[in-house]
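Visitor: Residue numbers (this note's numbering), protein chains in the order written: chain A, 47 to 319; chain B, 47 to 319; chain C, 47 to 319.
Derived from the structure by calculation, the hints contain no laboratory data.
Predicted model only: the values in this text are computed from it and were never measured.
Virtual Cβ for every residue (Gly too), placed ideally from N, Cα, C.
Don't take each hint at face value.
As the list claims (entries may be wrong) - Derived list of chain B stretches under chain C, where covered just means 3 residues or more per stretch with a C-beta under 8 Å from a C-beta of chain C:
1) 70 to 82
2) 288 to 300
To be verified - Think about it this way: if two alpha-carbon atoms lie no more than 25 Å apart in a straight line, the pair counts; the simulated SDA-like pairs of lysine to any residue are:
3) LYS58(A) x HIS235(B)
4) LYS58(C) x ASP183(A)
5) LYS58(A) x ASP183(B)
6) LYS58(C) x ALA218(A)
7) LYS124(B) x ARG114(C)
8) LYS58(B) x GLN189(C)
9) LYS58(B) x ILE237(C)
10) LYS58(C) x ALA186(A)
11) LYS58(B) x ALA308(B)
12) LYS58(A) x ARG125(A)
13) LYS58(C) x ALA240(A)
14) LYS124(A) x ARG114(B)
Here's the letter readout for the chains.
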Amino acid sequence: MFEAIFENVRQKSPLVLSVTNYVTANDCANLLLACGASPVMTDEPEDAVELAAACGGLHLNIGTLNQRTIPAMFAAGKRARELGRPVVLDPVGAGATHLRTETASGLLREVRPAVLRGNISEIKALASGESAARGVDADAADQVTEDRLREAVDFVKDFARRTGAVIAVTGAVDLVADGERAFCIRNGHPILSAITGTGCQLSALTAAFAAANPDQLLEATAAAVCAMGLCGEIAAGRLTREEGNASCRTYLIDAMYRLTPADLEQGARYEVR
Amino acid sequence: MFEAIFENVRQKSPLVLSVTNYVTANDCANLLLACGASPVMTDEPEDAVELAAACGGLHLNIGTLNQRTIPAMFAAGKRARELGRPVVLDPVGAGATHLRTETASGLLREVRPAVLRGNISEIKALASGESAARGVDADAADQVTEDRLREAVDFVKDFARRTGAVIAVTGAVDLVADGERAFCIRNGHPILSAITGTGCQLSALTAAFAAANPDQLLEATAAAVCAMGLCGEIAAGRLTREEGNASCRTYLIDAMYRLTPADLEQGARYEVR
Amino acid sequence: MFEAIFENVRQKSPLVLSVTNYVTANDCANLLLACGASPVMTDEPEDAVELAAACGGLHLNIGTLNQRTIPAMFAAGKRARELGRPVVLDPVGAGATHLRTETASGLLREVRPAVLRGNISEIKALASGESAARGVDADAADQVTEDRLREAVDFVKDFARRTGAVIAVTGAVDLVADGERAFCIRNGHPILSAITGTGCQLSALTAAFAAANPDQLLEATAAAVCAMGLCGEIAAGRLTREEGNASCRTYLIDAMYRLTPADLEQGARYEVR
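Sequences and hints are given; from them, build the entire structure.
Guide: So this is what it looks like as structure tokens:
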């Protein structure tokens, strides 16, 4: 199934608009190119609205949100939503500051994104309205581990039901769920958490996968999560003893460039609950 | 000829000011350092005007244009123009949105850049006032190919005559022309289109080459285009079967760092029409 | 001594807030992750103030200062100062434009950073109120060389005394001083000056080292400078004949990822005057 989904990305080469942070924008663009999509980025509301109408999918990311980018995200998000383009929201640092929590909550409510992708602390902050995150990384206490998996699956399905979005929570085990089904994904490598923006890159990738597979949003999101994790495994596997997170960052995008739909089909490790 | 032009860049180490997008700013800065120039970047109008007076050349790039950077580009552009510093305009996404088309047209009219560098869709949008581009990549239908080369050369020379700028159109074949002569350049490699910002990097490089060779703008621009294409060939040639666009991005800048003026003279592949 | 200081960074994993330029933000974030710290970035005043209260250390960098980031830097800086969090100020391009000189001077006066780190031209511009810099690189005439070391040490100690900050001046020889003692550091490699943002990265690293060692600001700053220089040596030593500044940029961060506290203790080359 993931083979056909990825094949669609490579074939259709969807135009993905990102209204995103400047810290990891370059990696998002190169990852989109690596998967076969075509990136375009803006933070100006007028420009964002016009590009939202032209794009196949929209990636909204609040990593360096500010008074210009917030209106651009709302405006582009609403326009894309009206036109039926899938919107992926990445609520970077939700729970860490009021502005982040409120902006992400507002986007969730007013744009109603097709997919919400974050770490567990961000998703919990949005689900509960409470704040517990420290910076932009997930709290250790929140981590989805094997022994808390059942509880986490229930939480994510419930939140998906309430929001109408596919929810992707990434961590040691990744969960991708709508109200009915949850993919529990075991691709990935710990070093990815030492590379800035792997979450942002995954959100951008998810927008490409969703844009090329608008009728299978749950599966497209799960495929993107598996693809990113698999590329992380490949990248980590290439590291020599002198190399670290910076080389791994390069190898991660390289791996996506070389990944075939058949590789993804074969390498994806998940179960559906 | 290109040997002496590149030698001037290495010797004079021009200060190049970029008012550019945040997606590829880091690569532009590292490529400028690799060629021997010194980069400085800003997007604040007041700061931009003062730096424009200090710089040897100015790179204006509308890739993530907004209500702060647009005035900064106009102000810096006019100041640099008054002082006789070469200005290179990169109209990223002209034709894709009204704001981009109008901003690029306005800069072309009011700043009168020494060099205009874009893909064929962007340049056609500016020449015709019409929009056809999808995102920031050139439309396949617009591509300059061998069998449409003569027509493209005429178009570019004509637009150069009308604007007074050297026009550089990059694609499968690159064209660099003023009103009289056109360099048809066959350096480069297809993988460059899978690396975000190779166009932006070329525009920044062109500003460095023009700054160091202000009396030979046509040749300096052609030399920059050949140098970038040649480095793309070298970079692509280094790729192993595991590597892709991300490694190529690194190798491209590495290649510029190692490129000698004699390498450029020997590797440049072009004819003048 | 540096072993224990670096050990604290790895153990405590301080949250470092950067209000910094978009040219090198990605490298700053990856270097922070490489050393064991946790990065978060913003440029919106409200967000910056709230994150300043949560962070262990604050990195302020005026590389692409503008009318939004300037208030964010003042607001975050004052809040961090109130709460006793160490603030590191990087006055990129002070001396090159009025806006940069005045902003850096204002931050120095109103935030009273724990550490001021720049090149010699920037530091002299702030000490004297005069401008001599060209762009963002140090003037050759200003460089700290062995035969002018004594004079430079006196200048830096005096400026440290006047400002109450630890002053770090990086160049051929690096100086780190408070009013009493100066570390003269001889780690590093010339190729670092051909990589954009190595200074920014060092400032971010210094914020991490200071955050994890708030009672030893002088030593923590000296340790960060040694660590960066040592990683530069390791990175430069890995370069093949085809590789240049772009590969070195990657290897630099890799080296930090692999560096152990014992490596730093052993590789640090300095004397105290």
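Visitor: Please go over all the hints and tell whether each is borne out by the structure.
Guide: Consistency of the hints with the structure:
no.: 1; hint: 70 to 82; result: holds (count 6)
no.: 2; hint: 288 to 300; result: holds (count 6)
no.: 3; hint: LYS58(A) x HIS235(B); result: 23 Å, holds
no.: 4; hint: LYS58(C) x ASP183(A); result: 15 Å, holds
no.: 5; hint: LYS58(A) x ASP183(B); result: 15 Å, holds
no.: 6; hint: LYS58(C) x ALA218(A); result: 21 Å, holds
no.: 7; hint: LYS124(B) x ARG114(C); result: 24 Å, holds
no.: 8; hint: LYS58(B) x GLN189(C); result: 19 Å, holds
no.: 9; hint: LYS58(B) x ILE237(C); result: 18 Å, holds
no.: 10; hint: LYS58(C) x ALA186(A); result: 14 Å, holds
no.: 11; hint: LYS58(B) x ALA308(B); result: 17 Å, holds
no.: 12; hint: LYS58(A) x ARG125(A); result: 22 Å, holds
no.: 13; hint: LYS58(C) x ALA240(A); result: 15 Å, holds
no.: 14; hint: LYS124(A) x ARG114(B); result: 24 Å, holds
Checked against the numbered hints given earlier, the structure satisfies every one of them.
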